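Using this note's numbering, you'd call the opening residue of the sequence shown number 1 and step up by one each time.
Since the hints were derived computationally from the structure, they do not count as laboratory data.
Just so it is clear, the structure is predicted and the values come from calculations on it, not from any experiment.
A portion of the hints provided could be inaccurate.
Computed list of lysine-lysine pairs in DSS-like fashion (alpha-carbon distance at most 30 Å, straight line) [unchecked claim]:
1) K119 x K23
2) K163 x K211
3) K186 x K91
4) K180 x K23
5) K213 x K351
6) K2 x K142
7) K252 x K180
8) K13 x K119
9) K15 x K90
10) K13 x K75
11) K125 x K351
12) K154 x K325
13) K75 x K125
14) K23 x K90
15) K90 x K125
16) K252 x K325
17) K142 x K75
18) K90 x K142
19) K213 x K201
20) K55 x K90
21) K325 x K213
22) K142 x K154
23) K90 x K75
24) K200 x K213
25) K75 x K351
26) K307 x K163
The calculated label-pair distances, taken between Cβ atoms and stated as ranges, are [stated by the list, open to error]:
27) L265 x V207: 56 to 62 Å
28) P179 x S226: 35 to 41 Å
29) K186 x A342: 39 to 45 Å
30) T41 x D358: 38 to 44 Å
31) V188 x E106: 49 to 55 Å
32) T118 x T189: 44 to 50 Å
We put the beta carbon where it would ideally sit given N, CA and C, even for glycine.
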Amino acid sequence: MKYNLSDICSFRKGKTDVSTLDKGTYISTENMIPNRGGITTASSLPTVDLTQEYKVGDVLVSNIRPYFKKIWQAKFNGGCSNDVLVFAAKKNTDASFLYYVLANDEFFTYSMATSKGTKMPRGDKTSIMQYPVPVFDLNTQKNISSILQSIDDKIELNQNINKNLEQQADALYQSFFSPKSGTQGKLVTLDEYCSIFTGKKNANASVDGGKYKFFTCAPEALQIDSYIYDGNAIIVSGNGAYTGRTRFYSGKFDLYQRTYACTLLDNVNPEFIFPLYWFVKLELSKKIMGGTRGSAIPYIVMNDLAKFEFIYNEQTFTEYMPIFKSLTEAIQANEFENENLAQIRDSLLPKLMSGELDVSNLDL
Numbered sequence: 001m002k003y004n005l006s007d008i009c010s011f012r013k014g015k016t017d018v019s020t021l022d023k024g025t026y027i028s029t030e031n032m033i034p035n036r037g038g039i040t041t042a043s044s045l046p047t048v049d050l051t052q053e054y055k056v057g058d059v060l061v062s063n064i065r066p067y068f069k070k071i072w073q074a075k076f077n078g079g080c081s082n083d084v085l086v087f088a089a090k091k092n093t094d095a096s097f098l099y100y101v102l103a104n105d106e107f108f109t110y111s112m113a114t115s116k117g118t119k120m121p122r123g124d125k126t127s128i129m130q131y132p133v134p135v136f137d138l139n140t141q142k143n144i145s146s147i148l149q150s151i152d153d154k155i156e157l158n159q160n161i162n163k164n165l166e167q168q169a170d171a172l173y174q175s176f177f178s179p180k181s182g183t184q185g186k187l188v189t190l191d192e193y194c195s196i197f198t199g200k201k202n203a204n205a206s207v208d209g210g211k212y213k214f215f216t217c218a219p220e221a222l223q224i225d226s227y228i229y230d231g232n233a234i235i236v237s238g239n240g241a242y243t244g245r246t247r248f249y250s251g252k253f254d255l256y257q258r259t260y261a262c263t264l265l266d267n268v269n270p271e272f273i274f275p276l277y278w279f280v281k282l283e284l285s286k287k288i289m290g291g292t293r294g295s296a297i298p299y300i301v302m303n304d305l306a307k308f309e310f311i312y313n314e315q316t317f318t319e320y321m322p323i324f325k326s327l328t329e330a331i332q333a334n335e336f337e338n339e340n341l342a343q344i345r346d347s348l349l350p351k352l353m354s355g356e357l358d359v360s361n362l363d364l
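Please put together the full structure from these sequences, using the hints given.
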């Protein structure tokens, strides 16, 4: 037996005053992260007086290009753009269960199949509410959401640990390496230590379920079956809304044609990659974001990276390199664990929703 989605939830219709919002409580499609990644801080607030409201427990889904799978369950009250759908659970439905109904790949596939438009498809609200959903009693709903939520809680814990580790690295950099630290040494440029290159592929070269990471200018890496480099690298987004976004990766990967990789020259101590990563992330990215070329679409060029200057003090580098290394490796280990946890969650989700895994009698 199946319900329609409209039997377990409705679209929230209220409005909220934009003056009560900030960049942390305003949600648009731009600050929702693909592949169920949640949200990040908005870049700006709307100029209108009122906008769509959402409340704690509501499920927000980006209605533009549903294949991006942008979804988030609200942990606080706020407002969002009209391109974000707000689902409120009815009394017969556990709010977290509703989230996982909508987080299922089957929902996004259905939303795309019934969407309108080709260049920028939008979900059809009438069709969305006709999406068939499984019938479970409230106890089973809570069991399903509890199992999946325990995985998401661990993912969130790792994310919070990483934020703390990043703050430690930032404090270390500001104290001993930033221009304001007063550290004396030789003024050098990044290209004295790194080879800098871009990829050759378009973003549509990605392959679902590919073997390797494919870094584009988007926040989340895609997958691909080829690789351009194997090893430690500093990855920098070269254009678009995330210009200057910097990440560290160790392993095989490929690159979009406007994404840069910085890898150490053969004659450089391999441990140098760790402090250099934080220099680029914490200092260069700020300069890039403050002075990108281009008005409509910001971008950077090779020289912005190659001629990035920093102070090199051998004693300070040698002393703090191991700390930068341990922080970086701990962060990446948590990121890898989160990827594995997400794969487990995403494989369990459809089996729980279909009833293939029966959890109705579990005492959770």
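Any of the earlier hints contradicted here, and which numbers? Hint check: 3, 7 and 27 fail, others pass.
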